[in-house]
Amino acid sequence: MTKIGVITFPGSLDDRDAQRAIRLVGAEPVALWHGDHSLDGVDAVVLPGGFSYGDYLRAGAIASHAPIMTEVIEAAGRGVPVLGICNGFQMLSEARLLPGAHTRNAHQQFIRRDQKLRVENASTAWTNAFTAGDEIVIPLKNADGRFVADDAEIQRIEGNGQVVFRYVDVNPNGSMNDIAGVSNERGNVVGLMPHPEHATEPGFGPDMPDAMRSGTDGLRFFTSALAALLSA
Amino acid sequence: MTITTPAVPDTVANAAATPEKVQPYAALGLKEDEYLRIREILGRRPTSGELAMYSVMWSEHCSYKSSKPYLRQFGQKVSEKMKKNLMVGMGENAGVVDVGEGWAVTFKIESHNHPSFIEPFQGAATGVGGIVRDIISMGARPVAVMDALRFGDIDDPDTARVVHGVVSGISFYGNCLGLPNIGGETYFDSVYQANPLVNALAVGVLRHEDLHLANARGVGNKVVLFGARTGGDGIGGASILASDSFSAGGPTKRPAVQVGDPFAEKVLIECCLELFAKGLVEGIQDLGAAGISCATSELASNGDGGMFIDLEKVLLRDPTLTAEEILMSESQERMMAIVTPEKLEGFLAVVDKWDVETSVLGEVTDTGRLVINWRGEEIVNVEPRTVAVDGPVYDRPVAYPTWIDALQADTAARLPRSTDLRADLLTLLGSPNLSDKRWITNQYDKYVLGNTALSFPDDGGMVRVDEESGLGFAVATDANGRYCQLDPYRGAQLALAEAFRNVAATGATPVAVSDCLNFGSPENPEVMWQFSKAVEGLADGCLELEIPVTGGNVSFYNQTGDVPIHPTPVVAVLGVIDDVARRIPSGWQDEGNNIYLLGTTRDELDGSAWAGTLHDHLGGMPPIVDFGAELRLAGLLSAAAEQSLAASAHDLADGGLAQALAEAVLRFGIGARVWITELMQRDGVDATAALFSESTARMLVSVPREDDVRFQGLCEGRGYEFLRIGVTEDSGALEVQDQFTIPVEELRRVHTATMSDRFGAVVG
Numbered sequence: 001m002t003k004i005g006v007i008t009f010p011g012s013l014d015d016r017d018a019q020r021a022i023r024l025v026g027a028e029p030v031a032l033w034h035g036d037h038s039l040d041g042v043d044a045v046v047l048p049g050g051f052s053y054g055d056y057l058r059a060g061a062i063a064s065h066a067p068i069m070t071e072v073i074e075a076a077g078r079g080v081p082v083l084g085i086c087n088g089f090q091m092l093s094e095a096r097l098l099p100g101a102h103t104r105n106a107h108q109q110f111i112r113r114d115q116k117l118r119v120e121n122a123s124t125a126w127t128n129a130f131t132a133g134d135e136i137v138i139p140l141k142n143a144d145g146r147f148v149a150d151d152a153e154i155q156r157i158e159g160n161g162q163v164v165f166r167y168v169d170v171n172p173n174g175s176m177n178d179i180a181g182v183s184n185e186r187g188n189v190v191g192l193m194p195h196p197e198h199a200t201e202p203g204f205g206p207d208m209p210d211a212m213r214s215g216t217d218g219l220r221f222f223t224s225a226l227a228a229l230l231s232a
Numbered sequence: 233m234t235i236t237t238p239a240v241p242d243t244v245a246n247a248a249a250t251p252e253k254v255q256p257y258a259a260l261g262l263k264e265d266e267y268l269r270i271r272e273i274l275g276r277r278p279t280s281g282e283l284a285m286y287s288v289m290w291s292e293h294c295s296y297k298s299s300k301p302y303l304r305q306f307g308q309k310v311s312e313k314m315k316k317n318l319m320v321g322m323g324e325n326a327g328v329v330d331v332g333e334g335w336a337v338t339f340k341i342e343s344h345n346h347p348s349f350i351e352p353f354q355g356a357a358t359g360v361g362g363i364v365r366d367i368i369s370m371g372a373r374p375v376a377v378m379d380a381l382r383f384g385d386i387d388d389p390d391t392a393r394v395v396h397g398v399v400s401g402i403s404f405y406g407n408c409l410g411l412p413n414i415g416g417e418t419y420f421d422s423v424y425q426a427n428p429l430v431n432a433l434a435v436g437v438l439r440h441e442d443l444h445l446a447n448a449r450g451v452g453n454k455v456v457l458f459g460a461r462t463g464g465d466g467i468g469g470a471s472i473l474a475s476d477s478f479s480a481g482g483p484t485k486r487p488a489v490q491v492g493d494p495f496a497e498k499v500l501i502e503c504c505l506e507l508f509a510k511g512l513v514e515g516i517q518d519l520g521a522a523g524i525s526c527a528t529s530e531l532a533s534n535g536d537g538g539m540f541i542d543l544e545k546v547l548l549r550d551p552t553l554t555a556e557e558i559l560m561s562e563s564q565e566r567m568m569a570i571v572t573p574e575k576l577e578g579f580l581a582v583v584d585k586w587d588v589e590t591s592v593l594g595e596v597t598d599t600g601r602l603v604i605n606w607r608g609e610e611i612v613n614v615e616p617r618t619v620a621v622d623g624p625v626y627d628r629p630v631a632y633p634t635w636i637d638a639l640q641a642d643t644a645a646r647l648p649r650s651t652d653l654r655a656d657l658l659t660l661l662g663s664p665n666l667s668d669k670r671w672i673t674n675q676y677d678k679y680v681l682g683n684t685a686l687s688f689p690d691d692g693g694m695v696r697v698d699e700e701s702g703l704g705f706a707v708a709t710d711a712n713g714r715y716c717q718l719d720p721y722r723g724a725q726l727a728l729a730e731a732f733r734n735v736a737a738t739g740a741t742p743v744a745v746s747d748c749l750n751f752g753s754p755e756n757p758e759v760m761w762q763f764s765k766a767v768e769g770l771a772d773g774c775l776e777l778e779i780p781v782t783g784g785n786v787s788f789y790n791q792t793g794d795v796p797i798h799p800t801p802v803v804a805v806l807g808v809i810d811d812v813a814r815r816i817p818s819g820w821q822d823e824g825n826n827i828y829l830l831g832t833t834r835d836e837l838d839g840s841a842w843a844g845t846l847h848d849h850l851g852g853m854p855p856i857v858d859f860g861a862e863l864r865l866a867g868l869l870s871a872a873a874e875q876s877l878a879a880s881a882h883d884l885a886d887g888g889l890a891q892a893l894a895e896a897v898l899r900f901g902i903g904a905r906v907w908i909t910e911l912m913q914r915d916g917v918d919a920t921a922a923l924f925s926e927s928t929a930r931m932l933v934s935v936p937r938e939d940d941v942r943f944q945g946l947c948e949g950r951g952y953e954f955l956r957i958g959v960t961e962d963s964g965a966l967e968v969q970d971q972f973t974i975p976v977e978e979l980r981r982v983h984t985a986t987m988s989d990r991f992g993a994v995v996g
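In the order they appear, the protein sequences are chains A and B.
Residue 101 in this note's numbering is what sits at position 101 of the first sequence, and the numbering runs on without skipping anything.
Start counting at 1 in the second sequence, then tack on 232, and there's your number in this note's numbering.
Just so you know, these hints were derived from the structure itself, not from any lab.
A hint or two may mislead.
Listed below are several chain A residues computed to face chain B (Cβ distance under 10 Å; list not exhaustive) [to be verified]:
| no. | residue |
| --- | --- |
| 1 | Arg-16 |
| 2 | Asp-17 |
| 3 | Ala-101 |
| 4 | Thr-103 |
| 5 | Ala-129 |
| 6 | Thr-131 |
| 7 | Gly-133 |
| 8 | Thr-200 |
| 9 | Asp-207 |
Fair warning: this is a prediction, and the values are worked out from it, not measured in the lab.
Ideal placement from N, C-alpha and C gives every residue a C-beta, glycine not left out.
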């Protein structure tokens, strides 16, 4: 069975949710600990959401220096699929595995909403089960979710197709170019602010036009990773 | 507040030798007779450390000295059924209820009112933190929070300060803690102007075998303090802030407000759960009000009775703290555990893994005394029960309010009834108390943990407990201070009935109650009368519904100057549902469903939102309570949920049928065509009463056409009044035939503008 690791940092909040999502697509979740120097031989890695170390320096900044990040950076270099969700995205940016950075939401408030996204790049390790242009609904919840980068970097990632998700209808935090998620050049490392693990189980996901709490668009992030690993 | 630091510590020996020393008991909140009683108990004057301990533990907030004689009713008015599933009742950190399949649920609601006025952000944040630690202390994993909030007049300039602070404090702490916020309520009323209410509720789940209690047993077992370091924050919070009224022009009391660190608490939760799972803890208690004074004396009182503590071992944030300050500090995110010597190593390994600072303070003894040393000298030597349990109890004077007969005589019957019911509905829908609260709830995480089956704006929050079976709980809070001002006995029962009905509307079966009783000063005999009546009403109501009160708290001194708040007994009801997949939402999701009104409508507008909002009137008698009907209605809904017959259910309360219709439309934007003529004829009421009366035991239920016959059969079989009053439509409007039509967009605009006009755009 494919093993996908979920790293728990002090202050991780959605680690068990990510593990559940991995179980739901038929893979085996493996709990990893920030202080270890081991990925336990997993095939892919998820850095979950939360407020690691209370986000006290900058969101994700302290966690990006955790012992296990040495192994995450090494694995990312080998092409292992790595997904950073919300705080995990912030960690990957801080670790320079992904472009850009995050600042306080433009409106200065924490926001939680069912967010519509457009899949811009359906060829990454975490999006190959989508078709480019797909519109999906994924819950979003953050205080420091405003994606920023300098002009050159924005041009570069837009040109390279590294913008993987864009906010549709509402830009909830003032992110540049409505960017909700990005990848590295190789496409094995993806980070996004919204939480796919919260849209994986009917009855507990976002409201959809046909029924309340029925959204499961997040499942395809994880089936994508399984497909990427099979074809690798 | 300043505490004089003696050059040499005030030892027990010194206290015995210097009986004449003048002590600052009044500055610490103790009355003279209380101070004399302490001297009598000890047979000498207390040391300054003992005085600090007694002063906080004998405060109103910790000792319940004015309320205790009344609260006993909750333990006396009980039936066998009420005891059946109660694993832990009142008196522990939180009540625990058996919900089946080997699971238990623990929940409690508690006030953090005064700190939230002085420093709204930290006050509200630490209110969440405190109640969550109560839940952890029971051995449970916290899984949900909600808040009952009362603010002053929405247009008062100071209200925005309090609203922004309180909401962002709850958002900050709860979100960082990773707990879904699943409901609650928010009211604005000028009676809460300088005394907002912030009542925080938390729910936890545990397996039966994981239950832990706060007691120190086993001579030689270690007393361990772990979590955040002890600092100078919150000193005297319980005795000074929570047990006294604010007076205009007095000194600000900000240093008595604690400062919260949700990250430290999140780590503490995970650390505690790992300690429990590995069986490394014998007894556990959180540190809240009265800090180390409370934890040591309560643990010792509930256990073998003796304990030795070396206070110098306490890890400090500020090394200049005196022994008295360390005893009284209310620094957050701390826990105290009782650990056997054999398991200490394992315990320390777990706390080390989570980077939680820990110190072994002392051990359980068989002396029957709580002895505390400071720098090698004995500064406390007391019988712990005298501190924690046998505090003073007051039989406060009670007086029937001089104004209440006139208030009750001034009914809403004299108020003119308009012919423009459309305008009435919109005015009510946009009134502060009935307006959309997404400005608040969009700042809360409802998703984390992945088990939230229902949350705001549904009638109750619902959370899955068991991922295999779908077993879950529902919880709702309610209190209508206006009703309680008119009649505290009936008002408290109305709060209970509505919370009960809200839980029933989700399809869950109500099983237990927690309450947070917010009142004015107990030294005011009229307030004591209100309190006595509210408690009596609640206890009688719980007996009729046969659901036990499992805990809660009392918050007195909610007043500014001499003006008390409206009595506000916030009632939280917990329910159980076999499978959350059968939950019932509050709004219409599909067109073409039949809309039923369950129950009978009487002309009951006294104390209503209609009277308050449209006529600025408060008088008369609040609606009649019929617990028999509430029980039958809950049974009906539970059966409808089990057979999946109800597409939605929404309780009728503030604003009556009109508000319920508008909310059901706004939930998912599905319109409706409604007729009320038949209802008016059947119940003998006019259109105003049909739309705005707040009669109880009523619910709005939508039923798919294919289930119509079965649903009607269910109502007939159970003998409950039902009437088809409409049908859902994809018309983009709410039409009440022969009365008015309002587009959904207009409803939405009016509903959402109220909060955003005052506090900023609704984000999201």
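Violating hint indices (sorted, rising) | Numbers 3, 4, 5, 6, 7 - these are the hints that the structure violates, sorted from lowest upward.
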